[in-house]
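The lines below spell out each chain.
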Amino acid sequence: MNIQMGGQVFANVQIPLLWGSRAVIQDMQGRLSIIDLGGNIAKLEIVGDKPAPGVEFRPLVEGFEILDQGSPLYIYSPSEKSLRSKKLGLPDCQISPEAIRVGTSIFSGNVVGGSGVGIIVTTSGIGMGAPLPKTLAELII
Amino acid sequence: MMKIILNSDILWTSFLIKANLPKGLSDLIKECEKSEHIIIIPRTALLEFNRQQLEYVELETTKLIRAYQLLSQYNVPHEPIDPSRLIVKPDLVELIKKLGAEVIVESPTIDDFEKAHERACLHEPPGSKKQKYDEMRDLVIWMIAIRIASKDGKALLISNDEIHSSSFGNAEAESVGLLRVKSIEDAFAYFGLETPSGIQIKRLIEPVWDDLLKAGLPLEKKISMIGLSEPIFVQGHHGISKASGVVAMKTDDGKTLKANIDVMVLGDTIDYVRLTKITIAGAPWKSQKLTLRPRISFTTEKDDFEERIRSLREVVGGQL
Chain A
1 MNIQMGGQVF ANVQIPLLWG SRAVIQDMQG RLSIIDLGGN IAKLEIVGDK
51 PAPGVEFRPL VEGFEILDQG SPLYIYSPSE KSLRSKKLGL PDCQISPEAI
101 RVGTSIFSGN VVGGSGVGII VTTSGIGMGA PLPKTLAELI I
Chain B
1 MMKIILNSDI LWTSFLIKAN LPKGLSDLIK ECEKSEHIII IPRTALLEFN
51 RQQLEYVELE TTKLIRAYQL LSQYNVPHEP IDPSRLIVKP DLVELIKKLG
101 AEVIVESPTI DDFEKAHERA CLHEPPGSKK QKYDEMRDLV IWMIAIRIAS
151 KDGKALLISN DEIHSSSFGN AEAESVGLLR VKSIEDAFAY FGLETPSGIQ
201 IKRLIEPVWD DLLKAGLPLE KKISMIGLSE PIFVQGHHGI SKASGVVAMK
251 TDDGKTLKAN IDVMVLGDTI DYVRLTKITI AGAPWKSQKL TLRPRISFTT
301 EKDDFEERIR SLREVVGGQL
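Order-wise, the sequence lines are chains A and B.
With the first letter of the first sequence counted as 1, position 38 gets the number 38 in the numbering used here; the numbers rise by one all the way through.
With the first letter of the second sequence counted as 1, position 58 gets the number 58 in the numbering used here; the numbers rise by one all the way through.
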């Protein structure tokens, strides 16, 4: 896909931002969608800033918490466009118009082309222009 | 009056705080001011808050300097202002005071440090051998909370930290009157304030309120605030499709009715409402069970799911 998101240009990438096993995609209206690719098939968790059908969640003052069988996975704030891990062990992530912030690292004005993943965030580090991890489900929605 | 101890995770934000605290925290502090509760910020939590906000100061400063550089690069006239004059670390204590609440920064004592140190090394409660690591900062905050509750007879610790909220700390917390909640929303529920989950469940229960009364539940005639703890909502294609949790409602004589609740929604119709483990003021109510099949339609918020999924597919589609 070709997408401008968080002040970056992602050209011909399969996933612009991979947060653990979750693809983070911004639509033309600036809303975020989160798709979990950690299972056999892609599972929509957030569609355009709101919980996806079939997903467990808990409304919060700042947004909502995505749950898995009642256990909190992460918090999403639509106003701040931020993701905060509860059980995933990942650094928090924020997509603003001019930059993508991952923990205390900030990505701004980059062009990433022709790679599986634009920015990859794992429990052990952050990378740019990475191949798509083989264990992930295909991003089909 | 009670002391309300805030852990660092409750003070966490994803942005640099400027003139005001985030809404949830701000509402909590206003409630504390109204009820004359005193906010306690363990110095450990304050240092963590300051560290995080300083990181945001650095990030914002970098962004501003880059913006100046870009303007200069294109010869756009501008008057650079020293970033340190514009981007400053917030003063947490002053922001809380601005909302009218009393706030104390509580430093750990040598005794707090020694006890925390001992417990970390010996894997003693509230930690345990099962935990991969013992975080001294969390144990120091725990010792501060225990000390304050012990002195005052009770205190409330708001923390989602694993060590603070685990069952390993139950006995000690109960022995000194330390109450624990995991989030600002849970604190709202504790104070009897409306929570985002409570508002959602109220929307689902309101259309069947008369049916609950007809079924014999001694509830107040007109629905007021509803508390909901341990909430789980499931999103459907047109709004919420399922909701569950532990609900607290007012009875007609001012007592509290508590029950486990399950609500199933099909489209714009409330299919069933099931209450189990019903108690009034702690005592079991009749068989403790009630199931309604109202199949009553209610006004749902217009959901734009189709438009949102179409927008997502526009970005993703055709690329795979």
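None of these hints come from the bench; they were simulated from the model.
Do not rely on the hints blindly, as some may be mistaken.
Said to hold, decoys possible - Below are the BS3-like pairs computed for lysine-lysine, each with C-alpha atoms no more than 25 Å apart in a straight line: (1) B:Lys23 to A:Lys86; (2) B:Lys97 to B:Lys18; (3) A:Lys86 to B:Lys286; (4) B:Lys182 to A:Lys86; (5) B:Lys63 to B:Lys115.
Each hint tested on the structure:
Of the pairs offered as hints, the one joining Lys23 of chain B and Lys86 of chain A holds, with about 21 Å between alpha carbons and a cut-off of 25 Å not exceeded. At most 25 Å may separate the alpha-carbon atoms for a hinted pair to count; Lys97 of chain B and Lys18 of chain B meet this at roughly 15 Å. For the proposed pair Lys86 of chain A and Lys286 of chain B, the alpha carbon gap of about 40 Å is over 25 Å, so the pair is violated. Simply put, Lys182 of chain B and Lys86 of chain A have alpha-carbon atoms about 12 Å apart, close enough for the 25 Å limit, and the pair holds.
Proposed proximity of Lys63 of chain B and Lys115 of chain B is contradicted: the alpha carbons are some 44 Å apart, above 25 Å.
Checked against the numbered hints given earlier, the structure breaks hints 3, 5 and satisfies all the rest.
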